[in-house]
Every structure is written in structure tokens, then in C-alpha cells.
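**Q** Add chain B to chain A, keeping to what the hints say.
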Amino acid sequence: MSESLSVMIAESVGRKDFYIGQTDGYAANEVLRIQQVRAAYRVVLDKPRLIRAIAEACILNMKILHLSCHGDDDGIVLTDGTEIDWLSLGKLLRRYARLDRSLVLSCCSGGYVGVTKAFQKEAVIFGHVFGSTAEEGVGFTDSCLAWSILYNQIYEHGFARSDLRRTMDKINFAVPGEFLYRRWNGSRYLRYPTFGAR
Amino acid sequence: MVIEALEKVLSESFLDKASHALDSDGFVTDEHDFAPYRETIAEYVSQIQEALRQRGRATGLASGFVRNHPDAGYAYFIYDTARFDDLASAQDAVSRWLSELYVDNQNA
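Respectively, the protein sequence lines represent chains A and B.
Heads up, the first sequence is in numbering that gives the first Met the number 0, so the first residue is 0 and it goes up one at a time.
Heads up, the second sequence is in numbering that gives the first Met the number 0, so the first residue is 0 and it goes up one at a time.
Hints were generated in silico from the structure; no laboratory data involved.
The model shown is predicted, which means the values in this text are computed figures rather than measured ones.
By construction, the Cβ of each residue, glycine as well, lies at the ideal position given by its N, Cα and C atoms.
A portion of the hints provided could be inaccurate.
[What the hints assert, rightly or not] Under the rule of at most 35 Å between Cα atoms (straight-line distance), these lysine-lysine pairs were calculated in the DSBU-like manner: (1) A/K46 x A/K90; (2) A/K169 x B/K16; (3) A/K90 x B/K16; (4) A/K120 x A/K46; (5) A/K120 x B/K16; (6) A/K15 x A/K46; (7) A/K90 x B/K7; (8) A/K46 x B/K7; (9) A/K169 x A/K90.
[Said to hold, decoys possible] Among the chain A residues that face chain B by a calculated CB cut under 8 Å, a handful are: (10) L86; (11) K90; (12) K120.
Pulled out of the complex, with its shape left as it was, chain A reads as follows:
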């Protein structure tokens, strides 16, 4: 078991999502609590709170930052409607990003190649960036299932490459959403698995 797993969850879904409880970050937090993984859950309504959550993730030395929000090929949208393009998100994440840390982008286009292209441009280097590449987007239920499997498997097996590949295979066997990771190889982000052109 991976005793060093720790996760900062920053949730910034839409107002309606909060109202009806469609909060996949909260669900991930519950899964992590069951496994007694060190985790912190923050409601991030706006950009200042996102910056604060990122700062907390640094201070608490969390291995994974899980950002739950709405997104598209251009960037993310926070609860208050603030749009943050991928380059700008990269700038915000720069202080947190390290090779031994990972980012889970739980939003539509979170696995889009443009995300890591922007991060690379901003010299924002994570060990892994996880997300979905489904063109039709990814919904609440599928996100909950996917990240539950991911955290369970990382908790059990860590980030060993062969195990992580199997984890992604398991997720994609069980859940529609074309989930992948993009791993920094020293010069660019490489992805596993391949679904097509996103």
C-alpha cells in the first residue's frame, strides 16, 4: 500500500451542481477517507480561493491536486463563472507543480493534449496529469467512478508505470470517458492510453 498518497481536492463545480450534490470532488474525498488517505477538501468558489487551495496543497505537501470543475478545450470555469484558460491555469499551478506530484483534472477536456501543451509552455511539470478526452465530455457519475478506481489503485500500487497502465485500462474498461494520463518524460508529456486525436 502507498502510505505516501495524499490528495488536495479543490471543488469548483457549478452552483446547480453544488445545490443538488453533484460534486465528484466530495465523492473522491469520501473514498479517500474510507481508505484513511491523507486528504483535504476545499470548496473553491472563485479564483482567490483556487489560489489559496493551491497554496495549501504546497504547504501540506500533497502528492496529488484534484481539481473538480467544468472545462472545455480552452480552459476551466469556476463556480462564480470565472474563466481560466489553460495557460493561465498553468501559471497558477506553477508553484505547486513538481515531478513527484500529480494533477487530476476532473472536468471536460481535462485530458486534452492542449492542457499539457500549455503547461509545457509555462514550464509547469507534473509527474502525471490525469483527465478525460471524451469529446462528448464526462459526467458526474463517470467521474466519480473513474477517480475512485484511480485512487484505490494508486493507494494499492503507487505510480509504478506498469501498474498505472493497468489502472487506466481498468478505468476505461469500467467507465466511458476516455480517461488517460500524460506523463512527463523529461522533454514532453506522453500519454497512455491512446484514444484518437485529443
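**A** For chain B alone, kept in the frame of chain A given last:
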């Protein structure tokens, strides 16, 4: 769409490296390490051509993009019009170059 400022793009370093890439491959893409971000390079194709001409390189340039490359998604590029018969030929060459660039995806 995020377009970088022209004065930031037209640096001596960029023009020098772009000139080398045009010599060797006939194109420069946004995936080259020295290139500006995404669509920027295609946006400024005429200005880049003019800047290269002022440096003594009389190259006709045009812009294009590769759509939905399996590894690189959308990739934007400029190319030497004397080196390729048409845009499609340039796109093919850029696609092959991108596939080679991301060949390590097999070991991701």
C-alpha cells in the same frame, strides 16, 4: 485562442532557429521547442517572412495546421512554399514529423 505579442515572437533567437528548421525540414511548428504558443506562429506568418527577408532569406512562407494528429492534436505551422507542392504536402510532412516527435508515446 491565445496569441503571443509579435515583438516577443520576432526575437533573434527565434528567427535564427526558425531559419535553421526551414533549411532542414522546410517548416516550423508550434511543437518546436523555440516556437511561440499554438496558433501564434501561423498568425504571424507574413511578419516572420518579412523578418527573415530582412535577414537575407528570401523565402516564401505560408501557414497551415494539422488537424487531430493522434499524438499532438491540433498543430500549427509555417512552411517554405518552395519546398512543398501544396498545403497538403506540407501537412503530410508535418504529420510525419509529429509522429516521430511523439514516438515515445509507445512507452508512456
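**Q** A separate judgement is required for each hint: does it hold in the structure or not?
**A** Here's how the hints hold up against the structure:
1. A/K46 x A/K90: 13 Å, holds
2. A/K169 x B/K16: Distance ~44 Å between A/K169 and B/K16 Cα, so the pair is violated.
3. A/K90 x B/K16: Status holds; Cα separation ~26 Å.
4. A/K120 x A/K46: 21 Å, holds
5. A/K120 x B/K16: 17 Å, holds
6. A/K15 x A/K46: 19 Å, holds
7. A/K90 x B/K7: 18 Å, holds
8. A/K46 x B/K7: Satisfied, since the Cα-Cα distance of roughly 28 Å is no more than 35 Å.
9. A/K169 x A/K90: With Cα atoms ~32 Å apart, A/K169 and A/K90 stay inside 35 Å; holds.
10. L86: Given a least distance of 6 Å, the restraint on A/L86 holds.
11. K90: 12 Å, violated
12. K120: 5 Å, holds
Comparing the model with each numbered hint stated earlier shows that hints 2, 11 do not hold.
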